[in-house]
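Protein chains in written order, with our numbering: chain R, 238 to 537; chain L, 966 to 1307; chain F, 282 to 593.
I should point out that these hints are in silico values taken from the structure, not numbers from a laboratory. It is possible that part of the hints are untrue.
Unchecked claim - From the structure, some residues in chain F lie toward chain R, with a derived Cβ separation under 8 Å:
#1 303
#2 440
#3 525
Claimed, not checked - Between beta-carbon pairs, the in silico distance windows are:
#4 1078(L) with 590(F): 19 to 27 Å
#5 313(R) with 545(F): 55 to 63 Å
#6 1212(L) with 587(F): 17 to 25 Å
#7 981(L) with 310(R): 26 to 34 Å
#8 568(F) with 1072(L): 45 to 53 Å
#9 407(F) with 1210(L): 50 to 58 Å
#10 1120(L) with 395(R): 28 to 36 Å
#11 317(R) with 411(F): 31 to 39 Å
#12 568(F) with 453(R): 53 to 61 Å
#13 355(R) with 587(F): 51 to 59 Å
#14 453(R) with 1050(L): 55 to 63 Å
#15 1119(L) with 265(R): 39 to 47 Å
Bear in mind the structure is a predicted one, so any value in this text is a computation, not a measurement. Glycine included, C-beta positions come from ideal geometry on N, C-alpha and C.
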Amino acid sequence: MMNVYEGTKETGRRKTVKRKSQLASIWTRYKKSQLAMAGLFLLILLIVIAIVAPLLANYEQDAIKQNMPIRLQSPSREHIFGTDHYGRDVFARIIFGARISLSVGLASVFISSILGVLIGSIAGYYGGKIDNLLMRLMDVLLALPSIFLAITIVAALGPGLINLLIAISISYVPRFSRIVRSSILSIKNQEFIEAARSCGTRDRRIILKHIIPNAIGPIIVEATLSIARAIIHVSSLSFLGLGIKPPMPEWGSMLAEGKSYMGSHQYLVIIPGIAIVMSVMALNLIGDGLRDALDPRLKN
Amino acid sequence: MSEKLLEIDNLRVIYKTDEGVVQALNGLSFHMDKGETLGLVGETGAGKTTTALSILKLLPDKIGLIEDGSIKFNDFDIVTGSEQNMRKLRGDKISMIFQDPMTSLNPIIKIGDQIAEVLELHRADMTKSEIEARVDEILTTVGLPTSRKDEYPHQFSGGMRQRVVIAMALTCEPQLLLADEPTTALDVTIQAQVLELMKKLKENLNTSMLLITHDLGVVADICDRVAIMYAGTVVEMGTIEDIFEASNHHPYTIGLFGSIPDLENDAERLNPIKGLMPDPMNLPTGCYFHDRCQECMEICTIQEPDNHIVDEKTNHMIKCHLFDRTKHSDDLEGKMHEPAFN
Amino acid sequence: MGKYIGKRILMMIPIILGISFIIFGILELTPGDPARNILGDSATNESVEALREEMGLNDPFLVKYFNYVKNALRGDFGTSYKSGLPVLEELKGRLPHSLKLALGSILIVTFLSIPVGIISAVKQYSFLDTVSLIGAFLLTSMPSFWFGIMMILFFALQLKILPATGVTTWKHFVLPSIAMAGLGIAVVVRMTRSSMLEVIRQDYIRTARAKGASESGVIIKHGLKNALLPIITVLGVEFGSMLGGGMIIESVFAIPGIGSMTVDAIRTSNTPLVIASITFSAIAISIINLIVDILYVYIDPRLKSNIKRAGS
């Protein structure tokens, strides 16, 4: 009895050591890229700003409430990014905008990656008719650029935060399910899956314990790049008036409003754009860095 | 006395890689006469292909560098020659047959056009129909039906593709043909056909050929002279008789012959050379072969041996301290080296 | 070959039907009553109900979809709720502007990105390579509408050398075309670079050099043609999203094309117009995919043999 117990403990420990070392080696490879590290720092900075936004400014007073006497003031010590046409503080709107962009991006990619993993693993693992049906559906959806699908859904549901979230989540599902399905197909017939199956392991357990961990790399990379894409799409839709509705301080709708005053007040269109570009860049840098770190062979 | 066509003297080539500097050629010297076939023999990594690419000055850009030495083709200095002049040589005066016919043809250009390209590049005075006639002619020479010139490489077998490659190399009737393991990638039966073809063409065109191979059987079949390469230098060079029949040899040559199965002599087992080729990023001092050499002497670990001529008539050269007449001339006559083969 | 093209065209049908079905289905969820929208708040319930019946709004979903497809095949995509004009007429009037914009963009992408990508690959790690990679990275991280706004700010308002909005001369299309091309430029530069890097390592490139071909001959004749397949694929994808993706750029530059019309239609719940314009985009994308597939076969003889083998 003692021996058996000792044995399992030993293998258990070895497993965690191995997993740790794998993560550690990914991290070592990731660290090597200065650009990837710069992206990570930039993202952390943005997240911190989004979190502490209420300490830096008052949402209702500075970002929402109209204050016509101080409208369209250029950047000054008092209002470092100036004020907009309703006299709202642009800096406050930018930092509260970071909350919206990052959280909508994260949430929609979270939803779509879960749906995509679900559909992709069912299709890939079971194959046959289910696979055919699901993947034909995904093919049809993929024939449209994802922003189209998102716009169609928004067109049906109407603008607004939640509808936007639904639209973007759904429109990213096909890509995720494709990626998951193809990595599952490449893993499915390897011997360790056969071994697990021959031990009588149930399908759900095989998918969750063996297949998903092995397909996680490409999913994470796609997820990171998708958050970047989602931030662009959210701002684009809001810019068109099909996304988040005013007066919420969304970067894209700030641009749409500022556009009317861009001739005399350039800062109104420059600053929100830089905020978008910085967050998208941070995520793209991280995504590229992760891709190289997870699969060193891909690097040329 | 025959005319010299190619003369390589003390050639040093390095590759700058991410891992470090690879010393690919370390004072390589040999020459070739007009119309002669020289076999360049050695293990993988000895620098055979690098030698051929240096002659064409096609070493990988920014990675492969000629550090020292000279390559003279007729009277043209290849090392200092301009890219423009080199371009005129390549494919016209010097051409090359590459190792793998499956990858060395452009997959999306008709084979007839690929052959014609050489003529378009070097025979500006030829008309379209002349070029076409020449392509037909060379295809027939290498034994391919002219009707297939409008087909693409993927429609041919490996042996046929190598015929296309040979046709491409020979269209301009070059003075020097560099053949880099032309038969290695082919089936054994096809190998013999291709070799026979090359032998015939070479004789008809009076082309000199540098045949790179690790197959001693091929060498015996086709070459006039042989150079044995080890770690980027020639360690022994002589006529085919010098190498296959004479009694004096470099220990490496003996090892090389010892590692070939022999059907006639019923040896117990093969005698492969002990150890591995030295790391080209970290070459040993003295003679590069000393740590694998059965005859290693103290001097071998310190001083690089000179080239010793052991047969004045045939210019049989061995780069080994064992044949240094000034030091142990009494040993030289027979006693030192009984060949391990006949 | 003809048989292959025919087969590919047949394969487009289920995709287009599928897309239109999904779009139709999603837009079925649109809240509000179109009949009420058309007649206005003052209309009586009876007249609204009569119009609903007339428009077929009370039919079950599948019947509605079937009728829609049946009419669409005859060229009838319904009438715009707003103007009362046939949808096809509305689209026709706006198509030229969108087409000019997309063509301008794809020309910019093609003739800028492919040379830059080639130079980047041939001179890997050079200054130019670094600059083009940084440029491509910036363009992928930038929303196209902001890129457009920044160009208006600089070229139209600051330098005053190009008009910011309108469609009257070719000059009006310069900035919007560049703005629309932005992302495509980045994608195609990257793809050209990586595809060329892959190809110039191949043995047949060395063979071409050994023949005495000039460096430009080697790169263009032997390199580019082999690297072209993936480049054409992304060019096709980019052109597709440009043809249908005018919504954002047309709004920024106030171009009265299909895109800005679609945005208007969405804002006003003008469903027939939305369905038609998105379906048209899907058809355009499918046609481009078909053209790309046919180009493949012309470029790569190996594919042609595959098709022949499969056909016989």
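Honestly, which of those hints from before does the structure not fit? Hints 2, 5, 6, 7, 8, 10, 12, 13 are the ones this structure does not satisfy, whereas the remaining hints hold.
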